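Asker: Residue numbers (our numbering), protein chains in the order written: chain E, 1 to 333; chain Y, 334 to 666.
Honestly, the hints are just simulated from the structure, not real lab data. Do not rely on the hints blindly, as some may be mistaken.
[To be verified] Taking lysine-lysine pairs in the PhoX-like style, the calculated list, with each CA pair at most 25 Å apart, reads:
| no. | chain 1 | residue 1 | chain 2 | residue 2 |
| --- | --- | --- | --- | --- |
| 1 | E | 300 | Y | 633 |
| 2 | Y | 633 | E | 283 |
| 3 | Y | 616 | E | 300 |
| 4 | Y | 659 | E | 326 |
| 5 | Y | 589 | Y | 398 |
| 6 | Y | 659 | E | 300 |
| 7 | Y | 633 | E | 326 |
| 8 | Y | 616 | E | 326 |
| 9 | Y | 398 | Y | 585 |
| 10 | Y | 659 | E | 283 |
| 11 | E | 65 | E | 252 |
| 12 | Y | 659 | Y | 633 |
| 13 | E | 309 | E | 326 |
| 14 | Y | 659 | Y | 642 |
| 15 | E | 300 | E | 326 |
| 16 | Y | 642 | E | 283 |
| 17 | E | 309 | Y | 616 |
[Unchecked claim] Covered by chain Y, according to a simulated footprint, are these stretches of chain E (three or more residues, beta-carbon under 8 Å):
| no. | region |
| --- | --- |
| 18 | 15 to 28 |
| 19 | 256 to 263 |
| 20 | 315 to 329 |
Fair warning: this is a prediction, and the values are worked out from it, not measured in the lab. Ideal Cβ positions, reconstructed from N, Cα and C, are used throughout, including at glycine.
Residues per chain are reported as follows:
Number of protein chains: 2
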Amino acid sequence: MELVNQALSGNRRAMARLISQVENDNSLAAATRATIYAHTGRARVIGVTGAPGTGKSTLVCELAKAYRHAGQMVGIIAVDPTSPFTGGAILGDRIRMRDLAGDPGVFIRSMATRGNLGGLARATADVTQILDAAGYDVILVETVGAGQSEVDIARAADTTLVVEAPGLGDEVQAIKAGILEIADVLVVNKADRDGAANAVRALQAMLDLGATPRTVSHHGVTMTVGVPVSAHSDSASDWRPPILQTVALEGKGITKVVDAIARHQAYLAESDEGETRRRARIKAELEAILRETLLRRLMKNLAPADLAKTVDRIAAREIDPHTAAKELLARLP
Amino acid sequence: MELVNQALSGNRRAMARLISQVENDNSLAAATRATIYAHTGRARVIGVTGAPGTGKSTLVCELAKAYRHAGQMVGIIAVDPTSPFTGGAILGDRIRMRDLAGDPGVFIRSMATRGNLGGLARATADVTQILDAAGYDVILVETVGAGQSEVDIARAADTTLVVEAPGLGDEVQAIKAGILEIADVLVVNKADRDGAANAVRALQAMLDLGATPRTVSHHGVTMTVGVPVSAHSDSASDWRPPILQTVALEGKGITKVVDAIARHQAYLAESDEGETRRRARIKAELEAILRETLLRRLMKNLAPADLAKTVDRIAAREIDPHTAAKELLARLP
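Please put together the full structure from these sequences, using the hints given.
Answerer: In structure tokens form, the structure reads like this:
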């Protein structure tokens, strides 16, 4: 537990090693998680999500600088293959990140996708907890904002920013119908571009409208339209997401975003919503762990040849995957 | 099983009802799945993935028309909140879709995100199987191409098209590092725009380079860079993705895409790769089912009050989620 104590006191090398330990889920991971968890609950987790091209990485960078300026320790977790934090970057971005990377009060971690469904959200939760326990005040989680895992990750944040930008084409506008549901603060970045006012108006109209799913029949084909990627929507909220304009590249509008985040966090603290979200998040995390643990236990009890044979039979269409799953489960002691 | 027989003979109403049945996972679902599954394995599943703004829905539309022209039955599954098939559309797109929607040889289904991790990939697999069994020759699955669930869904395809477009900004270019790994065919759509040749060259260079993950230390911060969203990458492939240019809005270049898909499918049939992918897909589906089934069984055996109490203790930081999961499992008979 020496390593854990070092990490808790903010030693960066120890934190990095701890993260690897938990990611690899080795024999020490359980004890590590248990010790770490008792020290969590202080950090504010802020999700920043948006399509590629909206400049959300630059916004994350500027928010990090603002919080640093206020003396806060800042963690950045990039769950986005397009993020400069993840290396999918152009030179200009990397140069901007350099100010942060040299700052001992900033810890940056990019999450690799592991190829297994759900692993990403859980790994992100683990890293968030380690940063939280290590004394980071603000944790910025950047996701690409399209895709279910990303929505699940955004849902794990206390406050979720959805970033838009003008002039990304009509199809991009359409993404809002789904993503609006998870927004606590809406940011129109690149607001010096043509169309910024239009983007704000469109968002305003969408907020007024509300995004309710409906099924329409369209020339004999039934389609579900405007399905919200509902995350926080289960609890009716009194919070109306403010719409803010920024030019992150020039640092413009950042203070207003920081203020809006602070107001939202005050709202969470005063209303029931903070508590409701926290419980929903815990329940989801618990279920994800149970799912993985149960599968791992099952796999341990199965002979590899049994599994291969089952796959053969499914491939030959002798049995469907659901019935095969039942058979495998029935064979357990 | 009357409904199943009707669906197998291609009755659209029966298919729609069957899909609902399987989605709601009601008491009939198990028998339905088992019957359906025996009739699957004929359809070619083609994933079409790309960022918003690349025009992939229009490409899907044109591919569907081309296959229809060749006398094939076409299923379209849209797993993308920005897709016009899902209703997140502008008028022009909807008008283009109308030709398809009125065609009895085309079945369109949009998938709602359900809010639970993993559900989307499984539901998509179920719908694919129903369309396959109902005699649809080609199933086009459209995903937004960013996000882990979407990658998992793309992985379930026999052939995956990755769609790019010129002039979507530098950040969009960066997405390729991750997404290239799952591409069997690369399409630069909107090729009449400035920058198309550049986009092709950039893709070419990236293919030459290969996308290998590497860890770099950058001003004391360790980052993993260029992490591939590895899907098919576990099996070294002799297939080099062709890069094709299209102007889907004008129907240009579609024939070449259809040809490339056919060549890839011939390659899959001749090499081991088709079989390897099919087995990997079956194994992933089986594991996903096992995970959900195991969790559901566990939840049935737990008193709701027990679960609520566990959430309370986690919220109070008395226990971490992993240890709590272990406790819940230990309590089982």
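Asker: Sort out whether residue 283 (chain E) lies within 25 Å of residue 633 (chain Y), counting only the CA atoms.
Answerer: holds (16 Å)
Asker: Are the Cα positions of residue 616 (chain Y) and residue 300 (chain E) separated by 25 Å at most?
Answerer: Within the cut-off at roughly 15 Å; holds.
Asker: Hint check: residue 659 (chain Y) vs residue 326 (chain E), CA-CA at most 25 Å. Holds or violated?
Answerer: holds (23 Å)
Asker: Can the restraint linking residue 659 (chain Y) and residue 633 (chain Y) be considered satisfied, given a maximum Cα separation of 25 Å?
Answerer: holds (17 Å)
Asker: Does the alpha-carbon distance linking residue 309 (chain E) and residue 326 (chain E) stay inside the 25 Å limit?
Answerer: holds (15 Å)
Asker: Compare the distance between the alpha carbons of residue 65 (chain E) and residue 252 (chain E) with 25 Å, and conclude whether the hinted pair is satisfied.
Answerer: holds (13 Å)
Asker: Under 8 Å between beta-carbons, do enough residues of the region 315 to 329 of chain E, three at least, approach chain Y for the coverage claim to hold?
Answerer: Satisfied; 12 residues make the cut.
Asker: Are the Cα positions of residue 659 (chain Y) and residue 283 (chain E) separated by 25 Å at most?
Answerer: Distance ~14 Å between residue 659 (chain Y) and residue 283 (chain E) Cα, so the pair holds.
Asker: Below or equal to 25 Å on CA atoms is what counts here, so check residue 589 (chain Y) against residue 398 (chain Y).
Answerer: holds (14 Å)
Asker: Tell me if the straight-line CA distance from residue 300 (chain E) to residue 326 (chain E) falls inside 25 Å.
Answerer: holds (17 Å)
Asker: Would you mind confirming whether the straight-line C-alpha gap from residue 300 (chain E) to residue 633 (chain Y) stays at or under 25 Å?
Answerer: The hint holds at about 23 Å.
Asker: Verify the proposed pairing of residue 659 (chain Y) with residue 642 (chain Y), using a straight-line Cα cut of 25 Å.
Answerer: This hinted pair holds, its Cα atoms lying about 15 Å apart.
The earlier numbered hints that this structure contradicts are 18, 19.
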